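Protein chains: 2
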Amino acid sequence: MESHLTTSWENKLSLASSEASSILVIADSNLPKSYSKEVLDICNKESPTHIISFEGGEGIKTLSHVSEVYVHLEKMGADRKSLVVCLGGGTITDMGGFAASTYKRGVSLVHLPTTVLAMVDAAIGGKTGVNTEMQENFGLLKNQIGTFYNPKMVGINHNWLQSLKEEEILSGWGEMVKHALLKGGTHLKELMKLSPKLEDLSPMLIRSARIKEAIVNRDEKEIGERASLNLGHTVGHAIESLAHDQGREMKHGVAVAWGLVFALEASVMKMGFDPTTAEELQNWIVSEILKGIEVDGADAVWSKMSQDKKNVKGNVIDVLMIAPGEVKWDFVWEREEFTILWEKFRGRYT
Amino acid sequence: MESHLTTSWENKLSLASSEASSILVIADSNLPKSYSKEVLDICNKESPTHIISFEGGEGIKTLSHVSEVYVHLEKMGADRKSLVVCLGGGTITDMGGFAASTYKRGVSLVHLPTTVLAMVDAAIGGKTGVNTEMQENFGLLKNQIGTFYNPKMVGINHNWLQSLKEEEILSGWGEMVKHALLKGGTHLKELMKLSPKLEDLSPMLIRSARIKEAIVNRDEKEIGERASLNLGHTVGHAIESLAHDQGREMKHGVAVAWGLVFALEASVMKMGFDPTTAEELQNWIVSEILKGIEVDGADAVWSKMSQDKKNVKGNVIDVLMIAPGEVKWDFVWEREEFTILWEKFRGRYT
Chain A
5 MESHLTTSWE NKLSLASSEA SSILVIADSN LPKSYSKEVL DICNKESPTH
55 IISFEGGEGI KTLSHVSEVY VHLEKMGADR KSLVVCLGGG TITDMGGFAA
105 STYKRGVSLV HLPTTVLAMV DAAIGGKTGV NTEMQENFGL LKNQIGTFYN
155 PKMVGINHNW LQSLKEEEIL SGWGEMVKHA LLKGGTHLKE LMKLSPKLED
205 LSPMLIRSAR IKEAIVNRDE KEIGERASLN LGHTVGHAIE SLAHDQGREM
255 KHGVAVAWGL VFALEASVMK MGFDPTTAEE LQNWIVSEIL KGIEVDGADA
305 VWSKMSQDKK NVKGNVIDVL MIAPGEVKWD FVWEREEFTI LWEKFRGRYT
Chain B
5 MESHLTTSWE NKLSLASSEA SSILVIADSN LPKSYSKEVL DICNKESPTH
55 IISFEGGEGI KTLSHVSEVY VHLEKMGADR KSLVVCLGGG TITDMGGFAA
105 STYKRGVSLV HLPTTVLAMV DAAIGGKTGV NTEMQENFGL LKNQIGTFYN
155 PKMVGINHNW LQSLKEEEIL SGWGEMVKHA LLKGGTHLKE LMKLSPKLED
205 LSPMLIRSAR IKEAIVNRDE KEIGERASLN LGHTVGHAIE SLAHDQGREM
255 KHGVAVAWGL VFALEASVMK MGFDPTTAEE LQNWIVSEIL KGIEVDGADA
305 VWSKMSQDKK NVKGNVIDVL MIAPGEVKWD FVWEREEFTI LWEKFRGRYT
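Chains A and B, in that order, are what the protein sequence lines are. Per the working numbering, residue 5 is the first one in the first sequence, and the count goes up by one each step. Per the working numbering, residue 5 is the first one in the second sequence, and the count goes up by one each step.
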């Protein structure tokens with residue numbers, strides 16, 4: 005499959021909009037106005053263009069927000085040749101992508117990610133998704149509703165990263181570390197020399213995004229290898245979801261970074277991962293993320309893990325590593341073993 | 005692509021349920037209890053099975069009903085290897101199919117249609133869909149939200165047709181006539197000898213369904229030929245939607261039958277369709293559907309047609325015929341021409 009990733013996004017967007025009967029830009033309202041103006045200027049030259057804004061964040065990943073997009077598309081008379089452009093972070097590309105994939109059974113889609121996390125992860129690979137609405141006594145389950153739907157283009161514009169807060173860069177860095185662990189070799193060594201600052205990460209963005217793209221292209225529907233991208237995510241999602249339930253803020257990429265530290269711990273015990281390498285990697289990751297992580301006990305984490313989308317026939321599935329670049333993506337946890345390891349991890353890092 | 009259509013549905017369902025981690029049967033609450041019992045008995049042998057019932061009808065094709073299915077799937081702990089079985093008419097297979105295609109980005113799906121319309125049309129071809137909710141001053145737009153998603157199996161059980169009302173059989177007959185016009189040749193001649201009674205139609209069901217399946221397999225994503233299945237539907241949907249807005253009941257297949265009569269009228273004028281053959285076909289169709297059709301004027305119909313999903317860049321697209329079996333699926337209407345023809349058609353048949 006050819007790459008959808010490009011840095012010459014202006015030309016490609018101009019082409020895509022000339023082929024569209026109408027265009028809806030779904031933008032994050034927190035972005036500087038100059039970003040959407042830049043995009044609208046390119047689109048408007050070619051086709052009637054509308055814009056709808058949402059304040060990006062996990063809260064917009066609901067069917068109610070998707071319905072708002074549907075209504076907007078209807079009111080502007082969108083047809084099957086219309087184009088949806090998502091301008092924002094991962095919550096905008098996830099929610100907007102789902103709307104585009106299901107409106108008239110799918111209209112064209114372009115992602116213009118504006119965060120590190122969206123550039124290297126959320127906007128790559130064609131997964132769209134929203135969360136289930138909060139049910140009584142039930143909590144929020146992430147990305148339970150979604151589709152596989154490929155955008156025509158994912159445009160990378162480094163300039164849009166200038167306005168990011170430090171914590172958002174740190175969050176994207178978590179996924180970049182994950183890609184580096186999956187790839188191993190010189191890419192990992194090069195990344196380990198950098199710190200999660202924009203100047204350092206910028207040249208690595210497209211390389212990191214391409215690691216994910218290559219894995220996805222080999223296994224689009226997640227029958228096998230694509231599951232390796234869940235490295236750090238079984239535990240990461242669990243602690244993120246617990247933090248959310250308790251009203252604490254935890255950035256996705258930071259939760260994933262902690263998930264990676266735990267996955268390395270578990271990989272030493274279960275997969276024969278070299279303990280010295282693991283410790284070196286763990287220290288490197290931990291040195292860059294905020295210390296004093298507030299995490300719950302094994303029971304609470306296990307309860308979230310047992311609701312994970314990746315589980316099959318009640319088994320809690322996780323991704324572990326044999327060595328950097330060598331992945332076991334269908335490891336099955338026994339509850340007791342997890343509990344012992346988790347408490348050890350917790351004692352060490354909190 | 006291999007055929008998903010089968011009459012040996014018990015064996016195939018048993019196999020599919022043995023491969024599933026859990027099963028949700030979405031059933032029409034109006035069906036005799038023996039139908040769902042038959043299905044549950046087969047499933048229960050293999051995997052934990054749950055059932056959720058809805059009163060079938062256009063009213064269940066909403067995102068709220070889809071959400072109910074999501075919640076049910078969550079509460080029963082459904083994972084990616086779960087199976088959704090839709091037992092009912094087209095509104096159950098459309099809505100349930102959409103839920104299955106978007107829950108965890110798609111779980112397995114089996115359709116067990118219980119109406120003629122669903123057997124020959126709705127359950128065939130992998131289109132799922134729900135309607136947009138009613139917006140103020142906006143009306144209901146049909147099947148605007150949906151996916152392309154293939155069921156593992158469409159099981160045909162003639163016994164389930166026994167409980168159908170006459171009008172429901174008539175409605176399915178409309179789509180069977182459409183398939184016969186698209187196919188032409190001996191199939192059309194054979195169907196023209198029959199009347200829309202269950203005894204007559206039963207042996208033709210699977211043949212009619214296979215005409216649709218063959219067209220879909222040649223053009224799954226509706227880039228070209230699949231659009232020919234919209235024969236009679238541009239006008240059909242418009243008069244169905246107008247009837248709905250005015251609180252009148254009009255069965256989908258009956259609206260389509262009227263759409264076919266109009267399409268033949270237009271095909272004579274615009275495509276050089278043989279007028280004698282057209283009249284013969286029109287008389288045959290009209291003789292079987294209720295006379296005294298109450299239809300609106302050209303302006304009202306055009307207004308609905310101009311909102312049709314098939315339209316591209318504001319053009320109203322329709323399907324016309326050159327001869328039986330020979331289709332033009334991208335005819336573009338001029339409003340003036342349509343108005344003249346519509347009033348002629350209306351004068352003749354109402």
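Hints listed in this document are in silico derivations from the structure and should not be mistaken for laboratory results. Do not take every clue at face value.
For chains that are exact copies, the list does not tell them apart, and a pair is met inside one copy or across any two.
Listed below are the simulated DSSO-like cross-link pairs for lysine-lysine, each with C-alpha atoms no more than 30 Å apart in a straight line [claimed, not checked]:
| no. | residue 1 | residue 2 |
| --- | --- | --- |
| 1 | K225 | K313 |
| 2 | K308 | K193 |
| 3 | K85 | K317 |
| 4 | K332 | K37 |
| 5 | K348 | K37 |
| 6 | K225 | K79 |
| 7 | K85 | K332 |
| 8 | K274 | K37 |
| 9 | K313 | K156 |
| 10 | K16 | K225 |
| 11 | K156 | K225 |
| 12 | K225 | K85 |
| 13 | K317 | K156 |
| 14 | K41 | K197 |
| 15 | K317 | K41 |
| 16 | K85 | K187 |
| 17 | K79 | K308 |
| 18 | K187 | K274 |
| 19 | K332 | K41 |
| 20 | K348 | K16 |
| 21 | K187 | K197 |
| 22 | K37 | K193 |
| 23 | K169 | K317 |
| 24 | K313 | K16 |
These figures come from a predicted structure and were not determined experimentally.
Same-copy or cross-copy closeness of K156 to K225 [CA-CA at most 30 Å]: For K156 and K225, both the intra-copy (18 Å) and inter-copy (16 Å) Cα distances are at most 30 Å.
Alpha-carbon proximity context of K317 and K156, limit 30 Å: between (35 Å within a copy, 20 Å between copies)
30 Å Cα threshold - placement of K37 relative to K348: Answer is neither; intra-copy 48 Å and inter-copy 54 Å both fail.
Status of K156 relative to K313 across identical chains (alpha carbons, at most 30 Å): both (27 Å within a copy, 21 Å between copies)
Status of K317 relative to K85 across identical chains (alpha carbons, at most 30 Å): between (40 Å within a copy, 7 Å between copies)
30 Å Cα threshold - placement of K193 relative to K308: neither (33 Å within a copy, 62 Å between copies)
Identical-chain pair category, K332 with K41, by Cα at 30 Å: neither (45 Å within a copy, 42 Å between copies)
Within, between, both or neither, where K225 and K85 count as close if Cα-Cα is 30 Å or less: both (25 Å within a copy, 13 Å between copies)
Intra- versus inter-subunit Cα pairing at 30 Å for K274 with K37: neither (50 Å within a copy, 51 Å between copies)
Alpha-carbon proximity between K85 and K332, which holds within one copy, between copies, both or neither at 30 Å: between (42 Å within a copy, 20 Å between copies)
Homo-oligomer pair classification [K317, K169; C-alpha up to 30 Å]: For K169 and K317, neither the intra-copy (41 Å) nor the inter-copy (41 Å) Cα distance is at most 30 Å.
Alpha-carbon proximity between K41 and K197, which holds within one copy, between copies, both or neither at 30 Å: neither (37 Å within a copy, 64 Å between copies)
When each numbered hint is compared with the structure, violations occur for hints 2, 4, 5, 8, 14, 19, 20, 22 and 23.
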